[in-house]
Each structure stands twice: as C-alpha cells, then as structure tokens.
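Enquirer: Single-letter residue listing:
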Amino acid sequence: MRAPLPYKVRSLGHARRRKNGGHDRCGILTRMGTGGNVRIDVGRSIQQSADEAAAAIRALLAGRKIYAINLISSPGSGKTTLIEALLARFDGKGGVAVVEGDIETEIDADRIRKHGVEVRQINTRSSCHIQPSRLLSVLREMDLSETRLLLVENVGNLVCPAEVPLGEDARVVLLSVTEGDEKPLKYPLVFRTSDLLVITKTDLLPYVTFDVDRVRRAARAANPAVEIFEVSATTGAGMSALLDRIEALRTAKNG
Amino acid sequence: MHELGVANEILDVALSEAERHAAKKVTSIRLLVGVLRSIEPGNLSFLFEHLARGTPAEGALLEIVEEPVRVECEACGVSETPSFTLECPRCKGADVSIKGGDSLSILSMDVDS
Numbered sequence: 001m002r003a004p005l006p007y008k009v010r011s012l013g014h015a016r017r018r019k020n021g022g023h024d025r026c027g028i029l030t031r032m033g034t035g036g037n038v039r040i041d042v043g044r045s046i047q048q049s050a051d052e053a054a055a056a057i058r059a060l061l062a063g064r065k066i067y068a069i070n071l072i073s074s075p076g077s078g079k080t081t082l083i084e085a086l087l088a089r090f091d092g093k094g095g096v097a098v099v100e101g102d103i104e105t106e107i108d109a110d111r112i113r114k115h116g117v118e119v120r121q122i123n124t125r126s127s128c129h130i131q132p133s134r135l136l137s138v139l140r141e142m143d144l145s146e147t148r149l150l151l152v153e154n155v156g157n158l159v160c161p162a163e164v165p166l167g168e169d170a171r172v173v174l175l176s177v178t179e180g181d182e183k184p185l186k187y188p189l190v191f192r193t194s195d196l197l198v199i200t201k202t203d204l205l206p207y208v209t210f211d212v213d214r215v216r217r218a219a220r221a222a223n224p225a226v227e228i229f230e231v232s233a234t235t236g237a238g239m240s241a242l243l244d245r246i247e248a249l250r251t252a253k254n255g
Numbered sequence: 001m002h003e004l005g006v007a008n009e010i011l012d013v014a015l016s017e018a019e020r021h022a023a024k025k026v027t028s029i030r031l032l033v034g035v036l037r038s039i040e041p042g043n044l045s046f047l048f049e050h051l052a053r054g055t056p057a058e059g060a061l062l063e064i065v066e067e068p069v070r071v072e073c074e075a076c077g078v079s080e081t082p083s084f085t086l087e088c089p090r091c092k093g094a095d096v097s098i099k100g101g102d103s104l105s106i107l108s109m110d111v112d113s
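Residue numbers (the working numbering), protein chains in the order written: chain A, 1 to 255; chain B, 1 to 113.
Since the hints were derived computationally from the structure, they do not count as laboratory data.
Just so it is clear, CB atoms sit at the ideal spot from N, CA and C, and this is done for glycine as well.
Wrong hints could be hidden among the right ones.
What follows is a set of in silico ranges between Cβ atoms, one per label pair, in the way DEER data are often shown [claimed, not checked]:
1) A/41 - B/93: 37 to 47 Å
2) A/203 - B/46: 14 to 24 Å
3) A/252 - B/22: 48 to 58 Å
4) A/63 - B/8: 45 to 55 Å
5) B/21 - A/114: 51 to 61 Å
6) B/87 - A/10: 23 to 33 Å
7) A/63 - B/54: 40 to 50 Å
Which residues of chain B face chain A? A few of them, derived with a C-beta cut under 7 Å, are [claimed, not checked]:
8) 17
9) 38
10) 43
11) 45
12) 47
13) 62
14) 63
15) 76
16) 86
17) 98
18) 105
19) 106
20) 108
21) 110
22) 112
Generate the whole structure from the sequences, applying the supplied hints.
Expert: Okay, here's the thing in structure tokens:
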C-alpha cells in the first residue's frame, strides 16, 4: 500500500476576511516555533511566468497596432469556421494573421493557409492549452508587418485555456447548440472571462434540445458584460452582426 | 492534466524562494485555489510529489486553501458557496452577481533553515 498523498484541503469561507492571521485560527497552521522551521510569505500568483509572457505579447501587439482575439471552445464548435468567415470579411483590408493550436497535426493551419494568410501551427502535445511563452516565440517568428487582426485558435477545451490569458484584446468563447445548454454552468470560468459568447450551428436548433435563453441567463450571471451572438455559418444567419462587431472592436482600439 | 503545469510552477516558485532564504528543506506550501479553477487536489499533489523528488521540496505537504465563489445578492447581500451557482444560496433569488473563486496563488511556505 502506498502512503496517503501529502496534501490537505480546507475551505476558505469567511476566515480569510478576519484580520491578523485568519488562517491560523483554523488550527492547521500552528506548528510553528520549533527547530529551524520558518514561515515564508510568498503571496505570488502561480501564473506569474505565464502572466509575464502574456504582458510581453500585449506589448508586441500594441507596438504593431494589432488587435488580438483568443478563440476558445470545445473541439468541433466552429472556431476554424469562424476564422475562415473572418478571413473572407477582412482579407485585403485588415491584414489577418492566424495561430492555430492543437495537440497534434497541421490540419487546421493547412486549411487556413489555403486562404493565403500568415499562419502558424502550435502543437501543444501533452498540454491542453496554448502557453503564452510559446505564442510569444511564434509571434516573434511571424511576418506581422501587414497584420491588423491576429486570430489565435486555442486547443479545443473549455477548461484550461480559460485559465491562461494570452495577452489578447478580446476573448471569444463558442458554444455549438449540439453541445448542450448546461455548458456555462459546467465550465463557468471560460464564460466568465470571455468578452463575446458565440452560439454556433443555430440552424440545428430544430433537431436538438437546447434552451438558448438558459445559456444567455447563465452566461450573463457569470459575466454581466458578455456580448452574446447566435450564428449559423451554414445559413449565414447572424454572421454579419458578429463580424461587424469584431470589426468595430478592432477599429475602436487601433483605428 | 492541467495540474501538471500548475505543479511545475509551484515547484519553481518554492525552490527559488527556498534558495533566496537559504533554506535547506521545504516542509509545506500553502496555496490559495479558487473552486472554479478545476484543480483536483489529489492530482496536483501526486504530480507535485513526483516533480519534487530529489529537490529540497521533496515530501513537502501541500496545504490547499479553497477559495469559494462569492455571491452578491441584491436582496440579502454577500454569501459564499463552494461551487458555481446562478442563484442566491439564501433566498434563491436570481438577481445575483458572481465573483471570486478563481484565485491560484502561493500564500506562504514553511522551510527548515
């Protein structure tokens, strides 16, 4: 038999708001004062190195007046399809560059390359999201001289990409109607941290049980400022409103 | 397996802090982890234990302080819940704003000097 793993969990509750050593009152951190045992206050975000890389990305983008969008969703919700729609809309007047993130393969980059834009594929292998340090080094290799809009397609996953800011100006989460209307409740962090929620494949609504209002309510509770769009790339319904909004966000920031 | 990246970062910070304070051994590390972070403590601990082998943080105890979600209700003020919710845990009202629960930081650590 293995020894139990060394960890303890307790709920923070109201204890944290007590002044002067609220944690110690909970009684598990009082083994102090014997031998050479010393408490070091660290107070540091676990994501500090990721945050530093994200700040470097923001600086790189700001210097070049590039507006960056981080696209997050489950696999198969329509990220690459939305990118293709944006390419069709902006190509020639915006200058779009794309970074594709996947565990394996160049399939998405090959698909985007056919549109004749600057594109790079990041294969994350064992990692379930794009790391900002990796994105930074890829951006440094890319020709961004004409770029005004950078689209980063994160690895298909609603969990980890939500936790790792990439220095983006806007975060867009996509949810297809075939995935179910409970996703904002199951994966609240991504819905809380996204600026735009795009409900995709709405042409399939007659065939699935998906309560759009339930999704809207949950998404707004997680993030009152979220802008919600309903689109179908197949019929084109709602697409122009979404593309208009993205264009307006980009021009509002960078002219 | 997103705990792997987190475990790695914890170890990096712990080892650099230990070195900065000329500590010989890290005995425990206290973390503040929001309940919305989807961190499974057993996973995190398993990965950390593995990564820390052969370092001054080998065998260190991870003390995970869970940060709850904060619910601000128009009717009855602030309350806290251990998971995401769409309603006030007290009055069940829907006029709420959901905050917090997304921390991920190292609060402190205990070392032998």
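Enquirer: Now look at each hint and say whether the structure bears it out.
Expert: Checked hints:
A hinted range of 37 to 47 Å holds for the C-beta pair residue 41 of chain A and residue 93 of chain B, which are about 39 Å apart. Separation of residue 203 of chain A from residue 46 of chain B is about 45 Å and departs from the stated range, judged on CB atoms against 14 to 24 Å. Distance hint check: the CB atoms of residue 252 of chain A and residue 22 of chain B are about 52 Å apart, consistent with the given range 48 to 58 Å. The supplied range of 45 to 55 Å is broken by residue 63 of chain A and residue 8 of chain B, whose beta-carbon atoms lie about 30 Å from each other.
Checking the proposed 51 to 61 Å range against residue 21 of chain B and residue 114 of chain A shows it holds: the Cβ atoms sit about 56 Å from each other. A hinted range of 23 to 33 Å holds for the C-beta pair residue 87 of chain B and residue 10 of chain A, which are about 25 Å apart. Between residue 63 of chain A and residue 54 of chain B the CB atoms are about 42 Å apart, so this pair conforms to the stated range of 40 to 50 Å. Because the beta carbon of residue 17 of chain B sits about 6 Å from the nearest beta carbon in chain A, less than 7 Å, this interface hint is met.
Satisfaction of the interface hint for residue 38 of chain B is found here, the shortest Cβ-Cβ separation to chain A being roughly 5 Å, below the 7 Å cut-off. A least Cβ separation of about 10 Å between residue 43 of chain B and chain A goes past the 7 Å threshold, and the interface hint is therefore violated. Interface restraint check for residue 45 of chain B: the shortest CB-CB distance to chain A comes to about 4 Å, inside 7 Å, so the restraint holds. Taking 7 Å as the C-beta cut-off, the interface hint given for residue 47 of chain B is violated, the closest approach to chain A being about 10 Å.
The interface hint given for residue 62 of chain B is met, as the beta carbon of that residue sits about 4 Å from the closest beta carbon of chain A, less than 7 Å. For residue 63 of chain B, the interface hint holds, since its Cβ comes within 7 Å of a Cβ in chain A; the closest pair sits about 5 Å apart. At its closest, the beta carbon of residue 76 of chain B sits 15 Å from a beta carbon of chain A; the interface hint therefore is violated under the 7 Å criterion. Restraint check, residue 86 of chain B versus chain A: the minimum CB separation of about 5 Å is within 7 Å; hint holds.
The restraint placing residue 98 of chain B at the interface with chain A holds, with a minimum CB-CB distance near 6 Å, inside the 7 Å limit. For residue 105 of chain B, the suggested interface contact is upheld, since its CB lies about 5 Å from the closest CB of chain A, less than 7 Å. Taken as an interface hint, residue 106 of chain B checks out: its beta carbon lies about 4 Å from the nearest beta carbon of chain A, inside 7 Å. A hinted interface residue such as residue 108 of chain B counts as satisfied when its beta carbon comes closer than 7 Å to some beta carbon of chain A; here the least separation is about 5 Å, so the hint holds.
Among the interface hints, the one on residue 110 of chain B holds; its C-beta lies about 5 Å from the nearest C-beta in chain A, closer than the 7 Å criterion. Because the closest C-beta pair between residue 112 of chain B and chain A is about 5 Å apart, less than 7 Å, the hint holds.
The structure fails to meet hints 2, 4, 10, 12 and 15 from the earlier list, while all remaining hints are met.
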